[in-house]
Structures are given as structure tokens and as C-alpha cells.
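Participant: Here is how the chains run, residue by residue.
2 protein chains.
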Amino acid sequence: MMGKRNDRNINVKSSKGPNKNQFTIFTRDLRLNKPVPQKVIFDESASLKSVENLVKQSLGIDFKPVLFHNGKKIEDVDEIIKILEQKNGNSFDVRRNVNLAKLKYLRGRQETVTEFPFGVIVVKDEPIKEVRKKIEEVAINFSLQALTDPARAGFRIPSRSADNVGYEEDLKMMLMGNQFIDRTFRSLSSVQSVAQFSEMMRLVYNVLNESIHVTKRDLFYQNVSIFNKDQRISDGLIEDMGAALQVTRNSLNVIASAKGVVLGRLSFTEKGDLIDCSKGVGGRSITPMLDLVDNFESDAEFVLLIEKDAVFNRLAEDRFFDYLPSIIITAKGQPDLATRAFVKRLRNELQIPILGFMDADPYGLEILRVYTIGSKAMSLETSELAVTDIKWLGLLPSDLEKYEIPSDALLDLSEQDIKRCESMLREDFVKARPRWKEELELMLKMDKKAEIQALSSKHLRFMTNEYLPLKIDSNDWI
Amino acid sequence: MMGKRNDRNINVKSSKGPNKNQFTIFTRDLRLNKPVPQKVIFDESASLKSVENLVKQSLGIDFKPVLFHNGKKIEDVDEIIKILEQKNGNSFDVRRNVNLAKLKYLRGRQETVTEFPFGVIVVKDEPIKEVRKKIEEVAINFSLQALTDPARAGFRIPSRSADNVGYEEDLKMMLMGNQFIDRTFRSLSSVQSVAQFSEMMRLVYNVLNESIHVTKRDLFYQNVSIFNKDQRISDGLIEDMGAALQVTRNSLNVIASAKGVVLGRLSFTEKGDLIDCSKGVGGRSITPMLDLVDNFESDAEFVLLIEKDAVFNRLAEDRFFDYLPSIIITAKGQPDLATRAFVKRLRNELQIPILGFMDADPYGLEILRVYTIGSKAMSLETSELAVTDIKWLGLLPSDLEKYEIPSDALLDLSEQDIKRCESMLREDFVKARPRWKEELELMLKMDKKAEIQALSSKHLRFMTNEYLPLKIDSNDWI
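Same order as they appear, the protein sequences are chains A and B. The numbering of the first sequence is numbering that gives the first Met the number 0, which starts it at 0 and goes up by one. The numbering of the second sequence is numbering that gives the first Met the number 0, which starts it at 0 and goes up by one.
Mixed in with the good hints, there may be bad ones.
One copy or two, it doesn't matter: identical chains are merged, so the pair holds either way.
To be verified - The calculated DSS-like cross-link candidates involving lysine-lysine, where the alpha carbons are at most 30 Å apart (straight line), are: (1) Lys270 - Lys331; (2) Lys81 - Lys55; (3) Lys270 - Lys72; (4) Lys71 - Lys278; (5) Lys215 - Lys331.
FYI, nobody ran anything at the bench for these hints, they're computed from the structure.
One chain only, chain A, in its complex shape (with noise of 0.2 Å):
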């Protein structure tokens, strides 16, 4: 190997030293704002990791340092002299190496919740099979029903007021509880509901046999006169199809806009279509027809879940997923049906840690709750779209002194803010997370917040190269 190494024909100036078998190639130290590329000279015998201690000299600074060149990390000495071959410029960038051996402690299966407790609705995805045959079966009772006990004929449906939601504190999830309403044709408004449901579940059928996804606009447009010209009778309808047959709304084909964007190291096939998300810097849109998302592949060692695309912008430019092997996500603030689900399933499929990071703000903390037990709103669904055990990296209140942000970059917290935090104070998702309860009362106590863009007036390049690593090598999530 080391004779090989005399043969090349080194073709770069500054290699040409007294010495024929030296190298020399300039490092930039990527944390700082401006950096000023330093030279480092090794021979023929150095390997990698005394070229390593040479660029720890020669920058003066205090970690193990990893060489990067053109966003790919440097694995031996040999490709460092392929490279300078290759003329490709004779410049190599220096980054923290970060422990990620934490990491994998994360690893495995999202524990899988089989048995609900009693009192508990969930519905669950279905493929569109089992949902076709729930429709018929549907269908075939009440038909029975009809002709049986006419007066009593219709549908079981789980309330979705208010006071039927609530926080399972076994499961970490917020989900619905089984108070039912009957729809029957007893009463005249009841007989239009009935028609309505029949109807609506004959569209979705439609649908379903089609194998097409639709909105639930497309759906109210099928038949305007029926739902008496009003959506939110159509939507209604649709909610309460879901949860009579117990199935998602992703199940009945009925997709709503998503917002959700992911890039880094995770391929997959959207329709049998190879999806490659390592390439450049704009992500690929999470599609909501995600039962034709499939075969996720990735070495990920976890998922970075952003609640800013500016923040994701500035990772994305930075290729942070090929400095610390990840997938970066945001749903560009409140997470929309899609995203939530996309999260979850590669939770599940590809079991690496969901990291998420937040604004330093009771909104932040909002957003990283809905993804992790779910929105009232959808608690139906919340066993399809909740990761329990996402973990909260940054920005942590606490990260705020010990980062040394600069007080002009925080800012006071509202009255809003403060109702805000001393309500999660008293919510059970935060009572059972200790730790995030005491981030939750230092950021009270201090009175101050702070966004992720923040880390910005330390430098522009803080986030990716400094704060980010640091966290993740001091395993500094909660």
C-alpha cells in the first residue's frame, strides 16, 4: 500500500514539499463564523488519526475533530490522497466528532399498544379490503335491522364532544372514550341523518372501489343537495364513518392537505416509484396518500423533527444529515394528519429515535405535544399518528445559559405565554415527564423565550456545527 502511494502522481502545489512523500492540505474549522483555513502537513506513514491530532494542533481546539471534503466525511488517509489527486482543490473541513452511541440506546420498536383499556375508542389503519368489507357488513345490518325493528334501525356512533376526550396516562396518549350516540330513524332529523350516512358511506365505497383518494370537499361536492348544502355536515359524516367502522380516515381514502417536507438519509417508493431524499437542498413534499408510501429504507441514527422550514433550510444547505447520519422533517409549525402519520411509521419501521426541536416557547411545546400524544381534536385517531416517546433535544430553556445566548436575542414572555406554560403545568402529559416539567418552570421563572433562530446570533453556522453536535454528543435530551 505504501509503495502504491510513491507511484501516484501527486498533481497538487502545495504537496510538492522538500520531502516528495509529504502532503499538505488546508483545514477550515466549520464552528466559528469565518473560517480561516489552516495548513497541516503529513507524510506518507501519517494515518487518519494523526492527521487528526495535527489538525487539533494546528486549529487549537479541544475535541477529536473529523475531516469533511465537499459535505462527505473523511474515512481514511488514502481517500484524502485520492482526493488531492483528483484535483478537486486541496481543502478539507474540520467538524466535532459526536458520540452517537446514546443513540442506539433509542433504537427498537415503539412498544405496540394491542389492548386498549376499557373505555377506550381507537381505530386503526386498515387496507382498503377490510374497509369494503366493514361497509357491507355495515350495510347488511341495518338492512336486517330495517326489516326487524324498524323503529330502531341505524347506527352506533362514538360522541365526539368534548367531555369524551381525555389523556391515558398508561398509554401516554390523548383518545376517546366510548360514549356513543344513536343515529336512528326515530326522529325526523334522524331519518335525513340516516339518508345522509347511507349516502355518504355509499360515496366512500365508490371511492374505495376505485382505489382513488379524494378530500372531504370532493366528497360534499358528490351529492351538495343531500348534505343541505352545508360541508361541515359532509365532514361531520365522514368523522363519524370513520369511528363507526373503526377505521382511520387515511382508510376511507380521504387525504387532507399536507404540509410536511423530509430530506436527508431515507429513500422509499411512493406508488412503486423509487424515492431518493439524500439529494439536494428542497425535500421531498410528504404526499397525504400515504398507503402508497412504502419500502422505507435508511442508516439514519435518528429523526430530527423541526418546527421551522427556515431552520430546516439552514440545516438542509448545511447537509447536517451527512455530517450526523439523519432524516430532518418539518410540518412548518402545527403538524398536519400526513406528517404526523409519516413520523409515525418511521418510528416504527425504521426504529430510531424521533428527536424533536422546538422554539424555546410554550408554542413550541404545543406543536412537540400534538406529535407525540396527540390533538383532542383527532383523538380518534391518536394511536395512528401519536410517537410516545419522542424525545425533546432543543431548544430546552435550560439550553439558553448554557449555550450562552445573548440576552438581546431572548425575549419576555407574554401574558399569553405565561396562562400558557402554568396550564401544561397542570396537564398530565407534563406531570408525567419530569424533566420537561422543570424545563417548563425554568422557562416561567426566567421569564424569558427564545427561538431556535436565536442560536443564530452566536454565529450563522452555531446551530449546525456547534449547538446541534454538542446536544447530541452530551446526549443532552429529555
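Following the hints, complete the assembly by docking chain B onto the known chain A.
Facilitator: This is chain B only, laid out in the frame that chain A set:
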């Protein structure tokens, strides 16, 4: 060729007729909601044209049919036989043949405006190197002025007040006039302004040196105190700076949130990585870092600009762009800067027409207006954003009768709608487009509006398989 066919062992049950050289396929008319497969038998001597005639007879349709298999268009009879051999099934989809000839007349480069009329200020996209040079020039001029005539030292900045913005008839764009404001050291408030402006120039200069992209908020956080802890101040300075240097905000590497998604017959590079937009259903999220996007390639005949993502999803699932070679884009409502700039680049670099597909209501037309002539808020950048020759394809108010949209699916105009219509009718950009004016007047006369999804009330695939093909085939854009 004929001899060869006889040698083939056709493993499709239905092809074993009394005559061994007969083939049977099943065709479905995709225009219908519940397509019933029809059996079509032909022998080895058949041409594609004769098969199409048999299909026409068996389905009883009145148009030239085109056969598809798994979304791929059939080009000759050999392809059909190959598919039968592959045991992929013997079911073929039938669609209307669409004449795309007239679309080609709309091709060609958009008139590039090099001379702007006196009294109008525009800014341009410029490469980083140019912008840095401009910043250096402004800084040097300012220093010289401070030495020779300190009382007048300062910057000239175009006024962003409403009366300095207007529609320019010849160029068909919303542009900024040449009223200027002087920011000098004369008054105390100006001293602060000049200090803030200098600081912003320094910050942006650093960003350009680093070759990274930042948000307005990032820049604010770089020096919160000099901007009096008020982001409106730093935001205004960024606008001023673009105006003073006569470059777009994007050229300053200052980006904003982007919502756009693109799918279809298009590929490009992002930071050197090849992005193929023809795969899957989710689409590529349009990056706001558009200077990293390059090398557009496409065999599309047109770009379909869609108001809503629900419509985008329907066309994505139907793989509309495999049927009619196209690129589909949505900004999910009012377009952001990045999506507008992306569409402008597609128009210029691919030289294919852009067809707008909006709701038939005043809001839909307002969205189309922003794409077409620009917005008041971003009038300074209009020349890099406005695509003045966008065609309004649909949903035209006149389509409602022409395509027999059920009256149930139409909505009454609100008072607000009527006001918006009347206000738009007074605008120069509508006056300059007599057929747009007619449609607006028709909307007022009918006193009805309609969403694109109203097409679903015909049947769920009416939009993909009937409405859009008929519109394109009959050149029904204005």
C-alpha cells in the same frame, strides 16, 4: 415482423380464440366514474389505428381514443402484444386523444425587457460576485462623501410608499416608480438609520462571503440591539438595501419560506444533485435557495399552475403528466416569492406556456394576477417574478355552463366578491385583457362562483379525463 408474431407464445387465456392469431384485450373508458371493461378482439394484421377504431366502436365513443397501460401510452400494436406476453394483465385504459399543436404556438422565449421606461426602478438577480462588488462600491462612495461633504453623506433609497407603485401598461407589470428618499446624517434619526444601514450591509456582505442563505429573522438576530429589538427595522433595511444596490432579495442570499411543490416531466439540479420530478405522487418541495437550482430539462408541452393542493394531488395520483406531457405546480394558495421565481425560470428556460388553473372566483383571479403582473408589495422585484403571458385555462366562469356543472355545486357571490370583481374590472391589467374582462363580467352577471372541485360533482375523474383534455384539445385558454 408478421412472421415473428406467429412464433410468439401468447400466454393470455383470452387470446386463445378459434383463430390462434387473434388477440383479446379489455379496455376501460377512463372518462367514466365506473368504467366497465369492454372486450376488444383483433388479429395479427391489425394496425394501431384499426385497434383504436375497434375500441371506438366497442365503447361507443365519439372521439379518437388513445390506449394506456399502467399510465404509459401505447405507441404501436407490438407494444400491446409485448404487454400480453408479460402477463401484466390484458386491461388497457382508453383516453381521449388530445391535439397539442396549438400549444406549440405559445412556445418561445418571453419577451425580455432590457429597457425600462423612465420613471421606473427595477432590481435584477445578480451573481454573488456582482453583489459584493456593488456593496464595496456603495461603501467606498459613502466614505468619500463623509470626508468631502459630511452633512450630505448617506444613501439614496427608492420610496416604498403606495403612491410610488403602479401598473406599467407597455410592460404589463406592477412596477415601482422613481421617487427617492435620502438617508443622511443630517438629523438624529437619520444618524441611527445610516448606522443601521451600514451594519446591515456588513451583515449581508458576510453572508455572501460565506456563500450561505439566511432569513430576514437570522439577520435580525445577528445584532438585535442595533435594530432596537424591532425586526420591522431590519426587514425594512433589507428591502432598502436591495433597492439601493438594484438587486433582488434573493441575490442578497436572503430567503423566505416557500410553499410550492412541483411534479411531472421535469428534472433539474439542486446544488449539483440531479432531481427527477417525474417520480411518485408527493412532488418536490420548491427550495427558496433558487440560485442552487440549475440545468432544467423537460419534454413537457406546458406548465399547469394550480391554485390548490387538493387539485394537485388528484392530478398527481392520476399521473396527468403521463397523459398530457406537462409539469404541475401548486403554491397552495397565494404564491410565495420562490414559487413565482421558479415559474418565471421555467417559462424562460424551457420556453413553454404556463396555463393557470384557479377557482372561478375573485380570489382565484387575484392569485393569477400575482403570478402574471406581480404584487404591490414586491413591485421592485416584479421584473424577475412576473410571467406576463400566462394563459387563464380554467376554471372560467363560462366553463360552468359549457361543461354543465350542476347548479348545486355553484356558490352565490358574496357582497365582498362583488366588490372585488368590480374593483378588478377597473384595473388596467384586466382592461388590457378583453377576454378576462368578459369572464369577470359573466361571473358578475351569473352571480355565481365555483371552486375547481365543483368538477368532482360530475364524477371524480372528470377533471383529469374530460375537462382538462377537452380544454387543451379545443385551445380553450384566454
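Participant: For every hint, state whether the structure bears it out.
Facilitator: Cross-check of the supplied hints:
no. : hint            : verdict
1   : Lys270 - Lys331 : both (25 Å within a copy, 23 Å between copies)
2   : Lys81 - Lys55   : within (22 Å within a copy, 63 Å between copies)
3   : Lys270 - Lys72  : between (33 Å within a copy, 18 Å between copies)
4   : Lys71 - Lys278  : both (13 Å within a copy, 26 Å between copies)
5   : Lys215 - Lys331 : both (23 Å within a copy, 17 Å between copies)
The structure fails none of the hints (numbered hints given earlier).
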